[in-house]
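Read off the chains here:
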Amino acid sequence: MTTRIVELRQGILKKNDELAAVLRERYMHAGVLVLNLVSSPGTGKTAFLELTLRRLIERGAKAAALVGDLETDNDARRLAASGAPVRQINTHGICHLDAEMIGRHIDGWAGVELDGLDYLFIENVGNLVCPSSYDLGEKIRVALLSVTEGEDKPLKYPTLFNSADAAAITKIDIAEPCGFDRELALHNINEIRPGIRIFETSAKTGAGLDAWLDYLGQQRLAVKS
Amino acid sequence: MHELSIVESIVDAVTETAAAYPGARVKSVRLRLGVLAAVVEDSLQFCWGLATEGTALAGAALVVKSVPVRVHCAACGRDAEIEGVQSFRCPGCGEPAADLRQGRELEIESIEIEEPDKVSESAKEQVGECGLPPFSR
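Here the protein sequences line up with chains A and B, keeping their order.
Sequential numbering of the first sequence, starting at 271, is according to the numbering used here.
Sequential numbering of the second sequence, starting at 12, is according to the numbering used here.
If you're looking for bench data, these hints aren't it; they were derived computationally from the structure.
A hint or two may mislead.
In the BS3-like style, the derived pairs of lysine-lysine whose C-alpha atoms are separated by at most 27 Å in a straight line are [said to hold, decoys possible]:
1) B:Lys76 - A:Lys426
2) B:Lys76 - B:Lys129
3) A:Lys285 - B:Lys76
4) A:Lys474 - A:Lys284
5) A:Lys409 - A:Lys494
6) A:Lys284 - B:Lys38
7) A:Lys409 - A:Lys332
8) A:Lys426 - A:Lys409
9) A:Lys284 - B:Lys76
10) B:Lys129 - B:Lys38
11) B:Lys38 - A:Lys285
12) A:Lys474 - A:Lys332
13) A:Lys426 - A:Lys332
14) A:Lys474 - A:Lys285
Start from the sequences and build out the full structure, keeping to the hints where you can.
Written out as structure tokens, the structure reads:
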């Protein structure tokens, strides 16, 4: 018997990364800004996205959303109330979205072409661990944190916050009764991801939405040019 | 708990590579896992056992090498390893350092295989035209 070492130096998620690279190319070619929204369950991703879609459409932009959940199409139905095309992805037990699921749902999406969109939002499965490993070809990964969750979430889940390009604090309308320490939360996010853009928002009052929408507009211009 | 999906990807990649070495047995698989890879080694080992049971990879060891986080400091220009993942600051000057150079690795470094020795010329002569050794004819 002879023993031999075969060098591989290969990414474990190579297949996902390759599919994500193809998607990224397609998004760029279509001139659509793609965002991946990640957070724990209950942070308010859907409410935040619903208001975002509504406001973008009011501004005349063409926005659509893919939304991932283990089961039910409840979120897709909620988001569709904004007037945007929305497609539900049910993962049936899988704790994250991957590039293959995204590609498949974009391709079979009746009436929606990437070319016709300005923005595509992907609302990931509520989970602060697994989605951080899977590239969906997005331009911007947004980590959300609600005031009810505790200011140390970024320290507990550093991978997700470190891999984010922007962060949104949600439900700031109830920050005070929750005893939310704003300074500490901002400090913790910055410790994990120095210099990240942070938006303090409320889907209920609309607070912080203008700054968020302006940021989206700038990012979208960068994709288009 | 995406360790099972990760293990399935490892099994696919290793099986594909090992197919180029017919008759060989995979003894071990070496991984490089960044501290920021969000993968738990215990879960990985557990899933590896489950996923390889009863397959050609059964009994192969999964050897995990942890890769620390390295950042590049824009303020002082140095590349340095940071301790833990609770504060992304340059250990030299203390400034925040967002430029990650290492620590998210999730890769298969190598596999160790055991190959049967090449059949010698004299041994080949004992093999009949049909390619089988005499006793099985």
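Cross-check of the supplied hints:
1. Between lysine 76 of chain B and lysine 426 of chain A the CA atoms are separated by roughly 22 Å; this keeps the pair inside 27 Å, and the hint holds.
2. Restraint check for lysine 76 of chain B and lysine 129 of chain B: the C-alpha separation of about 33 Å exceeds 27 Å, so the hint is violated.
3. Taking the CA atoms of lysine 285 of chain A and lysine 76 of chain B, the gap is about 22 Å. The hint holds against a cut of 27 Å.
4. Note on lysine 474 of chain A and lysine 284 of chain A: the hinted pairing is violated, with a Cα-Cα distance of about 41 Å set against a maximum of 27 Å.
5. Among the hinted pairs, lysine 409 of chain A with lysine 494 of chain A is consistent with the structure: their alpha-carbon atoms are about 12 Å apart, no more than 27 Å.
6. Proposed proximity of lysine 284 of chain A and lysine 38 of chain B is supported: the alpha carbons are some 23 Å apart, at most 27 Å.
7. The straight-line distance between the Cα atoms of lysine 409 of chain A and lysine 332 of chain A is roughly 17 Å, inside the 27 Å bound, and the hint therefore holds.
8. Among the hinted pairs, lysine 426 of chain A with lysine 409 of chain A is consistent with the structure: their alpha-carbon atoms are about 25 Å apart, no more than 27 Å.
9. As the CA atoms of lysine 284 of chain A and lysine 76 of chain B are separated by approximately 19 Å, the hinted pair is consistent with the 27 Å bound.
10. Restraint check for lysine 129 of chain B and lysine 38 of chain B: the C-alpha separation of about 19 Å stays at or below 27 Å, so the hint holds.
11. Between the alpha carbons of lysine 38 of chain B and lysine 285 of chain A the distance comes to roughly 24 Å, so the proposed pair stays at or under 27 Å and holds.
12. Of the supplied pair hints, the one linking lysine 474 of chain A and lysine 332 of chain A holds, its CA atoms being roughly 23 Å apart against a limit of 27 Å.
13. Among the hinted pairs, lysine 426 of chain A with lysine 332 of chain A is inconsistent with the structure: their alpha-carbon atoms are about 36 Å apart, more than 27 Å.
14. Our distance criterion of 27 Å between C-alpha atoms is broken by lysine 474 of chain A and lysine 285 of chain A, whose separation comes to about 40 Å.
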